[in-house]
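2 protein chains.
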Amino acid sequence: MKKISTSILGLSLCFAANAQSETKRPNIILFMVDDMGWQDTSVPFYIEKTHYNETFETPNMERLAARGMMFTQAYASSISSPTRCSLLTGANAARHCVTNWTLEKDKTTDSYSDVLDFPSWNVNGICQTPSIPKTFCAKSFVQILKDNGYHTIHCGKAHFGAIDTPGENPIHFGFEVNIAGHAAGGPASYLGTDNFGNRIDGKKSSLFAIPGLEKYYGKDIFLTEALTIEAIAALDKAKKYDEPFFLYMAHYAIHVPINKDNRFYQKYIDKGLSPKEAAYAALIEGMDKSLGDIMSWLEDNDELDNTVIIFMSDNGGLSCEPSCRDGELHTQNAPLNSGKGSAYEGGIRVPMIVSWQNHVTPQSKCDDYVVIEDFYPTILEIAGIEKYDVPQEIDGISFMPLLNGRETMNYPERQLVWNCPNLWGGRGPGIGPSCTIRRGDWKLVYYYESGRKELFNISEDIGETMDMSEDNPSTVKKMSKRLGTYLRKVGAQRPVFKENHKPRPWPDEL
Amino acid sequence: MKKISTSILGLSLCFAANAQSETKRPNIILFMVDDMGWQDTSVPFYIEKTHYNETFETPNMERLAARGMMFTQAYASSISSPTRCSLLTGANAARHCVTNWTLEKDKTTDSYSDVLDFPSWNVNGICQTPSIPKTFCAKSFVQILKDNGYHTIHCGKAHFGAIDTPGENPIHFGFEVNIAGHAAGGPASYLGTDNFGNRIDGKKSSLFAIPGLEKYYGKDIFLTEALTIEAIAALDKAKKYDEPFFLYMAHYAIHVPINKDNRFYQKYIDKGLSPKEAAYAALIEGMDKSLGDIMSWLEDNDELDNTVIIFMSDNGGLSCEPSCRDGELHTQNAPLNSGKGSAYEGGIRVPMIVSWQNHVTPQSKCDDYVVIEDFYPTILEIAGIEKYDVPQEIDGISFMPLLNGRETMNYPERQLVWNCPNLWGGRGPGIGPSCTIRRGDWKLVYYYESGRKELFNISEDIGETMDMSEDNPSTVKKMSKRLGTYLRKVGAQRPVFKENHKPRPWPDEL
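Top to bottom, those sequences are chains A and B.
Be aware that the first sequence starts at 0, since it is given in numbering that gives the first Met the number 0, and climbs by one per residue.
Be aware that the second sequence starts at 0, since it is given in numbering that gives the first Met the number 0, and climbs by one per residue.
Rather than coming from a laboratory, the hints here were simulated on the basis of the structure.
Don't take every hint at face value.
The list treats identical chains as one, so a pair stands whether inside a single copy or across any two.
[Said to hold, decoys possible] Within a straight-line C-alpha distance of at most 27 Å, the following computed DSS-like cross-link-like pairs (lysine-lysine) qualify:
#1 K133 <-> K501
#2 K106 <-> K23
#3 K497 <-> K214
#4 K218 <-> K266
#5 K236 <-> K480
#6 K452 <-> K364
#7 K270 <-> K259
#8 K452 <-> K476
#9 K23 <-> K386
#10 K266 <-> K239
#11 K133 <-> K275
#12 K477 <-> K218
#13 K202 <-> K218
#14 K452 <-> K477
#15 K214 <-> K202
#16 K477 <-> K501
#17 K23 <-> K488
#18 K239 <-> K133
#19 K386 <-> K501
#20 K270 <-> K48
#21 K476 <-> K488
#22 K106 <-> K238
#23 K214 <-> K133
#24 K288 <-> K259
#25 K275 <-> K288
#26 K275 <-> K48
#27 K270 <-> K214
#28 K497 <-> K239
Kindly produce the complete structure, drawing on both the sequences and the hints.
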C-alpha cells in the first residue's frame, strides 16, 4: 500500500475545498473510444498521412488537435478490461491482474488451450470494497474527484467489474450519474430500432443489451447519438451545479457489431468503400460527431476554455476478424502491425489528444510515451488534488510536465510493462499469452507458451517486422531481467504448462 | 469541525475491512415513512390502545414489534426537510439551518407574514460539496457506510437538496442505487395510471412527478407497491454481492395526495370509515404491506436474523387540512395535540421500532427519548464503524445502549432542541415560528413572534393542554437559558420583526 500523503478528504472536506476556491478548478472530459485504432482518424498520428487518414473523416478530432497536443506514443493495454481497470485504479495490469475481459461473476473468459492452463486472474474486475473475491481492491480517481467536490458523470461503456459484483455499477466508483454503463464491454446493438438489444418485454436479449435508454426504444437513432444527447443533458444539469464536472464520455463505439450508422454510411459508399469498410468509417464519424457536439456545448456554454478534454482509445483497432473489416488481415492499423489483442503496436498504441486552454500549446505534438495508468495521477493533478490516500499502489506517473510543454518527462529511462498471461481468443501476430517491456527505443516481447523472445527497435521499425534479438543478446538479457523483476515485484501472474503443472518461466529465467 | 478520530477510510480501505471480516456485519434497513403520525398504526405506542390503533391495520408493524423494541418517545422535526437533513448529517436542525421544506434552488418556501421576516435559512438543503450556496455541508452516514464496504440503496423519497443542486441526487450522498428519489418531498400522484405525475411525452407535469418508474406508466399499480417491487429487485441484486447492504426504504406514503389504494380501500369503507378516512387508512396499510414484503424477502433469503430493521416516520401526521382528513381538526394524532408542522407532540413524536435478532429483546419497549439525529451515530455503530472523520459536528448520540436493553441512556439529563424560525404554512396549535426544548419531563415552547412561552410536563400531560409556565417561573427561566445558550452556540437562526428590522429575542432574552 502506498500512502501518497495525508488525505484532505476525511479531515476537512469543507475547509480544504474552501481554500481551493480562489482558483477556479477546470472541468475535465475524458472522451474514451472503444477499440479505436491509431489510424482510425483523419488526424495523422504517424510521421506522414496514411491511407487510413485519407479515408476516415474525423473533423472534430482535427478541431481538438488544433486546440491541443497530440500524443503519438500513447499506450493502453491490448484489450478493454485491463485498460479500463488501469485507468480507474492507476495500477498496471500486471499488478491488478484483470488481464482478460470480464463479464460474468467468477467465470473466466480465457479461450481453451491444449498446452497452457491460465492463472486465476481477477475475473471479477475491480472494486472499492475489499471483500469481493477475484477483484482488485482500489479507490478510483473518480471517487477522489467526487470526494473533492467534482460532479462526476459516467456515460457509455463501463466494463469495470463482472455482473453481480459491486463493480458492475459505475456509481460504485464515485460516479454520481450513470448513463448506460454496466458490466458488459460491448453493445448488443447500436440501433434504437433494436432497442439496443433489449426485448420489448423489458428483458435483455443478451448480456450486452444496453441498459437505461428505454426512451429511445424503437426509434431510428444510433447509440452513439443517444449517448451524446444524454451526456449533454447531464452537462446541462452539471452547469447548474456550483461545482466543476468530470465527464467520462466512454463510447461503446467503435466496438463490434459494426452496425450501419446511416447518417454517414452512404458517404463512404460513395467514396468507393466496401459496405463493411463504409460501416466502419461511419461508426468512427458518428463518434467524431459526438466529440464535436460536446465541444460545441462547451463553446455555447462558455466552458470550453475552462475544460480539459482528453481523447483516448482503450486498445488498438480490431484487425483479426474478417467478418468486421475488409482488406488483408492485421494491416488495419498500418503502419503498425496487428491490432486489438496483440502485444505489437497495433494492439496497444492508440490515438490520444489533450486540449487545455492556456496550459497546452495548440497544434502541438508530443512524441514521449505515456500509458493508460498515467491518467489517474494526471487527472487528479489537473483537478488540483495533490493529496490522497488510496489502498493500492499507483504505477502511473502524471504527464502534466508533458502538457506543460517540457520536452521529455522520463523517456528514455522509463520502462513500460504489459502482462497478458491469458488467451484472449483472437488470432494474429503478437496475440497470445505474453509479457512485454518498452524502454527507450527498445521493446521486448516474451511469449509464455513458446519461451520465444522478440526484440524490436520501435523508433526504426514501428511495424515490428525485424526481430533484433539474435543480434542484441545483451539487450535481450537486460530487458528480460527488468521485465521479470518488475513482474515478480508487483505479483504478476503467468500461465502453467498443462503437461507438468509447472508455471512457465519468467522472461529472465530463460 | 469535530474530529471524531482518525479515519480508516482513506488510509487503509482494504486492510481495515479485512480486519473486520471475522465478524459478519449486519445488513441495515431504515424503513422511513413520510408524514406518519404516532397513532397511524395498530401498534399501540401510547399506554393504552386508542381509537386509531383499533381503526388502522398494520399487521406487519405488529410483526416487527414482536421481533423488536418499540420506542414510545421517538422524535423527529415537525416537517420533512429538517428531519431528513438531520438524519443524513447527524446535525440538529438548529445547526444545519434547513428549517423549512426545500424544493427549488435559492427559493424559500416560507409563507408570507405581515409581522416577521424569516432568516436566510439553507433553502438548498444539504450537500457534501462545500461550494454550494445556501446548503449545509456535511458527509452523510451513507457515504461512510459505502466507503466501508456497504452496498447502499435508496428507494423512494429523498428530499435532501433543492433542484439543480448536487444534493437533489441521493447518489451524491453515497447511495449506489437510487430508485425514484429526487428533490421533491411528495408525490404528484401515487397512481401508475397517472404515470405518477409524468406526462406521456416524458416531461413532468409537476416538480413532484416521480422519476425513474417509467416501466409502470399506465399500469394499475400504486406507487408504494412499485417502490417495493423495485426495492426487492435491488435486494435480489444486493444478495449476490459479497457485501452487507444498507437499504433506505423511504416511502412517499403517507404524504398527500391521499390517493385511493384500491387494494385496501374498500375494506375500510366496509368498516364504516368515510371515503377520506378509508383512503388514508388504505395508504397506511399499503405502506405496511411493503414492510411485510421486505421482511418476507429477508426471511425467504435467510437474511432476517442478520438484518437490523429500523422503522421511523419523519414527522407527525397531517392534522390541519380538512381536505385530507375527516374529524375534528388537530385531533388526528390524539392523545397528542396537533400534528405535522407543530412544536407539540403531535408534530414531532413518531412511531419507531427496531428489530435485531440476538441484540434487541423481542416485544420490548423503550420509553427513553431519542431523536432523528441520533440515527447517524447509531447506524454507524451498528455497522461496526467506530472511526470516521466528518466536517460537521454530530449532535446525535448513539442509542445503541437502549437497544442493548440498558434502561436509560441519558434521560432525564439530556436536552433535545428544535428550532423552526420559519412559517411552514399550515395553521393550528403549536404551528408557527418557534423554538423548543425538552429535558426530562419538561418541555418549553417559545414563540418567536409573540414572545410567549409555554411549559408542559410531558409525562403528566402528553396532550400539552396545561401550560405550567406561570406556576413554574424558575423552570421556565432555566429551560429558556438552556435553549438560548444552545441556539447561539450552534449558530441557529431567528426571525426579524418587519417593523424595526430587529431580530426577535432569544428565549432567554425575554
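Going through the hints against the structure:
In this assembly of identical chains, the alpha carbons of K133 and K501 lie at most 27 Å apart only when taken from the same copy (22 Å versus 65 Å across copies). For the identical chains of this complex, K106 and K23 are inter-copy neighbours only, at 26 Å across copies versus 46 Å inside a copy, given an alpha-carbon limit of 27 Å. For the homomeric pair K497 and K214, neither the shortest alpha-carbon distance inside one copy (50 Å) nor that between copies (51 Å) is at most 27 Å. Taking CA atoms no more than 27 Å apart as the test, K218 paired with K266 passes inside one copy only; the shortest distance there is 22 Å, against 45 Å between copies.
For the homomeric pair K236 and K480, neither the shortest alpha-carbon distance inside one copy (52 Å) nor that between copies (46 Å) is at most 27 Å. Taking the shortest alpha-carbon separations for K452 and K364, neither the intra-copy value of 32 Å nor the inter-copy value of 75 Å comes in at or below 27 Å. For a Cα distance limit of 27 Å, the shortest separation of K270 from K259 inside one copy, 16 Å, qualifies, whereas the shortest one across copies, 64 Å, does not. In this homomeric assembly, K452 and K476 come within 27 Å of each other (Cα to Cα) only inside a single copy, at 10 Å, whereas the closest approach across copies is 89 Å.
Taking the shortest alpha-carbon separations for K23 and K386, only the intra-copy value of 18 Å comes in at or below 27 Å, while the best inter-copy value is 33 Å. For the homomeric pair K266 and K239, neither the shortest alpha-carbon distance inside one copy (39 Å) nor that between copies (48 Å) is at most 27 Å. In this homomeric assembly, K133 and K275 never come within 27 Å of each other (Cα to Cα): the closest approach is 38 Å inside a single copy and 56 Å across copies. Taking CA atoms no more than 27 Å apart as the test, K477 paired with K218 passes in neither setting, with 58 Å inside one copy and 70 Å between copies.
For the homomeric pair K202 and K218, the shortest alpha-carbon distances inside one copy (18 Å) and between copies (18 Å) are both at most 27 Å. For the identical chains of this complex, K452 and K477 are intra-copy neighbours only, at 13 Å inside a copy versus 86 Å across copies, given an alpha-carbon limit of 27 Å. Taking CA atoms no more than 27 Å apart as the test, K214 paired with K202 passes in both settings, with 15 Å inside one copy and 12 Å between copies. For the homomeric pair K477 and K501, the shortest alpha-carbon distance inside one copy (25 Å) is at most 27 Å, but the shortest distance between copies (81 Å) is not.
For the homomeric pair K23 and K488, neither the shortest alpha-carbon distance inside one copy (40 Å) nor that between copies (33 Å) is at most 27 Å. Proximity of K239 to K133 under the C-alpha cut-off of 27 Å is restricted to the inter-copy arrangement: shortest distance 14 Å between copies versus 40 Å within a copy. Proximity of K386 to K501 under the C-alpha cut-off of 27 Å is found in neither arrangement, the shortest distances being 43 Å within a copy and 46 Å between copies. In this assembly of identical chains, K270 and K48 lie within 27 Å of each other by CA distance solely inside one copy; the values are 18 Å within and 84 Å between copies.
In this assembly of identical chains, K476 and K488 lie within 27 Å of each other by CA distance solely inside one copy; the values are 18 Å within and 71 Å between copies. For a Cα distance limit of 27 Å, the shortest separation of K106 from K238 across copies, 18 Å, qualifies, whereas the shortest one inside one copy, 41 Å, does not. Proximity of K214 to K133 under the C-alpha cut-off of 27 Å is found in neither arrangement, the shortest distances being 36 Å within a copy and 34 Å between copies. In this assembly of identical chains, the alpha carbons of K288 and K259 lie at most 27 Å apart only when taken from the same copy (15 Å versus 49 Å across copies).
Taking CA atoms no more than 27 Å apart as the test, K275 paired with K288 passes inside one copy only; the shortest distance there is 20 Å, against 56 Å between copies. For the homomeric pair K275 and K48, the shortest alpha-carbon distance inside one copy (23 Å) is at most 27 Å, but the shortest distance between copies (77 Å) is not. In the homo-oligomer, the alpha carbons of K270 and K214 never lie at most 27 Å apart, since the shortest distance is 35 Å inside one protomer and 44 Å across protomers. Within a single copy, K497 and K239 get their C-alpha atoms no closer than 59 Å, and across copies no closer than 33 Å, so neither meets the 27 Å cut-off.
Taken one by one, the earlier hints fail for this structure at numbers 3, 5, 6, 10, 11, 12, 17, 19, 23, 27, 28, listed in ascending order.
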